[in-house]
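J.: Take a look at the letters that make up each chain.
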Amino acid sequence: MDTSTGLTALAQAAFWITVGFTATGAVIAVFPRNILHNVLGLALALAGVAGLYLCLGSFFIAMMQLLIYVGAICIAIVFAIMLSRPLHLETPQRGVPKVAMALTASAVFFVAITSVTLRTEWTPPIGRGTDYSIETLGHMLLTRYELVFELISLVLLVAIIGAVVTAGFSRRSSS
Amino acid sequence: MNNLNTYLIISAFLFSLGLLGVLQRRNLIGMLISIELMLNAANLNFMAFNRFLSPEPFVGQIIALFIMGLAAAEAAIGLSIILALFRKLHSINIERAQKLKG
Amino acid sequence: MEVFSRDPVLLATILGTSLPFLSMATILIFTRHYPMLSSRISVSAIGFSLVSAIFLLVKLACAPGPIRYETGWLSSGLLHVPFGYFLDPLSLLMLTIVAAVAFLVQVYSLGYMAGDPGYSRYYAFQSLFAWAMMNMVIASSMLQLFIFWELVGLASYLLIGFYYEKQSASQAGKKAFVMTRVGDVGFFLGLIILTIGYGNLGISDLNTAASTHVLSQNLITLSALLIFCGVVGKSAQFPLLTWLPDAMEGPTPVSALLHSATMVAAGVYVFSRIFPFFSASPDAMAVALAIGTVTMLLASTMAMVTFDLKQVWAYSTISQLGLMVMALAAGGYFAGVYHLTTHAGFKALLFLCSGIFIHQYHTNDMRVIGKQGGRKLLIPMTCIIVGALALSGVFPLSGFFSKEAVLGALAENSNPIWLLAGLFGAFLTAYYSFRLIFFILCPQGGIEEKHPVDEMDAHVKQEHAEEHHGYLFWAMAIPVMILSALTLVLGFVEHPLENFMAGGIPTHHMQGVQHAAEQAHGGGHSWLLIAGVSAGLLGIALAWFEFGRKKAARVGFLGRFPTIWKLFERRWFMDDFFRKTLDRFVYAGLTRIFTMNDRRIIDGGIDGICFFTEAGGRLFSFLQSGMLQYNLLIMVLAAGVAILFFLV
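Residue numbers (my numbering), protein chains in the order written: chain A, 1 to 175; chain B, 1 to 102; chain C, 1 to 648.
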């Protein structure tokens with residue numbers, strides 16, 4: 001019993017630490033004016049979210065989160081920063097009214113979403129499966145959700161071509 | 001404290017922070033970062049619902065995977081647009097891009 | 001294809017009536033720049049139409065009843081408009097006339113129009129004209145008929161204004177178009193009233209319904225009068241008659257076609273087409289009778305004073321059309337149709353002959369033609385005399401028989417005034433036609449061998465001398481001879497024709513008609529025969545006395561009354577009246593109001609709307625900052641507030 005309460009407490013602590021990482025990362029990602037700090041904050045927040053996924057029992061998705069977001073997207077953003085050299089250019093001043101309005105809007109939105117969350121009676125269904133295994137996930141991806149799977153790969157292909165075309169044509173027209 | 005509402009509120013917090021970033025950053029790349037945050041918030045929602053409410057506990061995971069794919073696509077496109085815009089305006093300040101001003 | 005081989009009648013109908021359209025399309029699209037090819041295409045198309053029309057006539061001569069190929073066109077609720085072909089004796093007879101006259105005129109035009117820059121265009125329009133008229137003739141519903149009726153109007157507009165570079169020609173085309181349009185408004189209103197009141201525009205249905213008293217009397221009278229407005233416009237009846245003399249601006253063969261078988265005949269044809277319908281309304285018939293009489297007399301008086309060759313025939317057409325309307329309105333169905341038939345023949349003949357004179361001497365003035373030796377052109381001179389005799393109703397030409405039939409129908413009427421008017425009209429007709437003949441035949445002071453130097457220089461004369469015996473001359477002469485042969489023969493087929501026509505309309509009408517016809521010829525009215533012929537001969541004699549004999553004054557009795565002469569010459573001041581009405585009333589009054597409405601209210605309204613839109617746009621354009629983030633901010637704020645609102 002002791003061990004179990006100890007473990008539970010440990011798990012609780014780990015959970016809250018993860019939440020703390022996530023929140024800190026998100027704040028760093030949004031507020032500082034140095035763009036590189038933002039990227040690092042984003043990486044922290046994404047890693048925190050990956051930890052939350054672990055808490056939710058999905059090891060595979062957590063790994064994917066680390067792989068795709070932290071590994072790929074953050075790197076891509078860093079590349080974009082280097083290509084567009086924003087560090088050498090003006091760092092625009094913040095207009096106070098704009099920040100105030102943005103704060104109001106997001107606060108209203110946060111309150112709205114939170115109150116929706118708290119006011120709703122979430123009732124879990126009666127017969128719930130407990131199958132979180134990666135095998136089932138892979139099986140489902142290639143059977144029931146095969147079409148969506150293929151579609152996603154198509155979307156990715158189009159996105160890549162589109163990105164190449166957009167970036168390439170703009171280079172030609174500007175030079 | 002490991003229940004649905006906690007996750008939902010965390011996700012709402014992430015989403016609102018992302019929203020704040022999108023609304024007030026002038027740096028386009030900063031906006032993109034904020035958008036990634038918002039997408040993650042949505043993903044977290046899906047995962048939480050999958051964990052606590054879904055009758056089949058893999059549907060949410062699959063959707064989360066798809067959203068990650070879409071996010072990758074979105075990031076690629078967004079970054080290329082930023083590059084194009086940068087070449088055109090020699091700046092990535094969003095407030096410079098106001099050709100549609102009435 | 002199998003359907004066609006099983007039913008050659010349908011095949012002939014469709015082919016015969018649509019080939020001219022195909023030829024028009026071909027000419028306009030492909031062969032505009034190959035005039036000879038265009039004319040060949042057009043002539044062979046109309047030739048085929050003629051062959052199929054004759055085939056249909058022969059095939060259906062012994063058919064028990066009318067043949068209808070119909071399919072529903074508009075059908076909704078109480079409204080039913082069929083679409084298709086309606087082949088009965090009347091339409092077949094008319095189809096044959098149209099095809100024959102159009103064919104002859106087109107052959108004639110090979111000579112008359114040779115070398116004209118618009119040769120291909122001319123043949124395209126001719127084909128269009130023939131196509132529209134033939135389809136109008138065999139239409140099975142009034143709406144279909146109306147469509148082709150308008151197409152006939154369009155084609156005649158195009159042909160009258162054929163020399164569009166000439167101001168007077170384009171004016172005449174416009175005048176013809178607009179004046180017939182005035183009548184067509186009435187026609188269309190009549191059709192609308194029929195549609196509302198009865199809901200079925202099929203021709204045979206209409207006739208049956210009217211004669212079996214399904215329709216109310218008021219409805220019939222009203223719609224019949226309105227439809228008669230269309231007849232008035234198209235057939236140039238009083239008061240819409242002045243467009244027809246002006247229509248002379250077109251090429252002469254066009255006038256021949258216009259005056260004999262197509263344009264003006266369309267009005268009379270419609271009258272006879274729905275004759276049972278008209279005859280169900282005595283009031284409408286009385287109005288038609290009066291209008292026909294007034295038209296006939298007015299036009300005859302106008303014809304007595306003009307020196308223009310073609311205008312004489314134009315006025316005579318109007319007066320003969322008036323005579324046909326009189327005959328029909330007096331209940332003489334067969335008489336009217338028969339006169340239409342014979343008139344188509346001899347009027348085409350007269351115009352084509354005049355065309356040869358005009359082509360030869362380059363003038364329309366009968367005095368000049370006579371002076372320059374018009375009587376030396378033997379073929380047209382003979383033929384024009386044949387035509388004029390037929391027009392005057394002299395035995396044994398076709399005009400005699402049909403005019404007797406008309407007079408017989410008029411004699412049926414209890415009021416003798418119509419008969420007297422008809423006889424007087426016959427006298428005037430003979431007078432003015434032979435006035436023309438004698439002007440050409442016996443010119444004052446003999447023929448001047450050396451005609452004064454006018455626009456014909458030696459070179460042109462040379463050319464004409466060659467033409468005289470060449471292919472071009474015969475292209476003109478042969479149709480004329482065929483037509484005069486027809487004029488000679490057509491009178492003797494009256495009884496077969498009458499029996500043939502008897503299949504056309506319901507029997508109880510036919511009895512009356514036969515009765516009238518018998519009375520006109522066989523029974524009891526021999527005095528009428530004598531009266532009719534003597535009226536004609538009297539007219540000829542008077543014309544000879546005043547214009548023909550050696551020492552004649554060549555002025556005419558009207559010359560002594562300059563006021564009356566002026567009255568007749570100015571067409572009873574009808575054109576001036578229309579002009580004044582237009583200027584005073586329409587242009588000065590209505591048009592000004594409409595213009596003001598247009599400028600102030602419509603334009604001003606639109607300007608105002610534009611102004612307010614623009615001002616509003618300027619006012620609110622500050623919302624469009626072009627800033628992505630503000631737009632997004634508003635959106636998010638609104639979404640959040642909306643969620644909160646619905647939550648609370």
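No lab work stands behind these hints: they were computed from the structure.
Where hints are given, some of them may not hold.
Partner residues aside, some chain A positions facing chain C, computed with beta carbon under 8 Å [as the list claims (entries may be wrong)]:
#: 1; residue: I28
#: 2; residue: F59
#: 3; residue: A102
#: 4; residue: L103
#: 5; residue: A105
#: 6; residue: V111
#: 7; residue: S115
#: 8; residue: P124
#: 9; residue: I126
#: 10; residue: R128
Note that beta-carbon positions come from the ideal geometry of N, C-alpha and C, so glycine has one too.
J.: Each of the hints needs a verdict: does it hold here or not?
T.: Going through the hints against the structure:
no.	hint	in the structure
1	I28	violated (21 Å)
2	F59	violated (35 Å)
3	A102	holds (6 Å)
4	L103	violated (10 Å)
5	A105	holds (4 Å)
6	V111	holds (7 Å)
7	S115	holds (6 Å)
8	P124	violated (23 Å)
9	I126	violated (28 Å)
10	R128	violated (28 Å)
In this structure, the hints that do not hold are numbers 1, 2, 4, 8, 9 and 10, in rising order.
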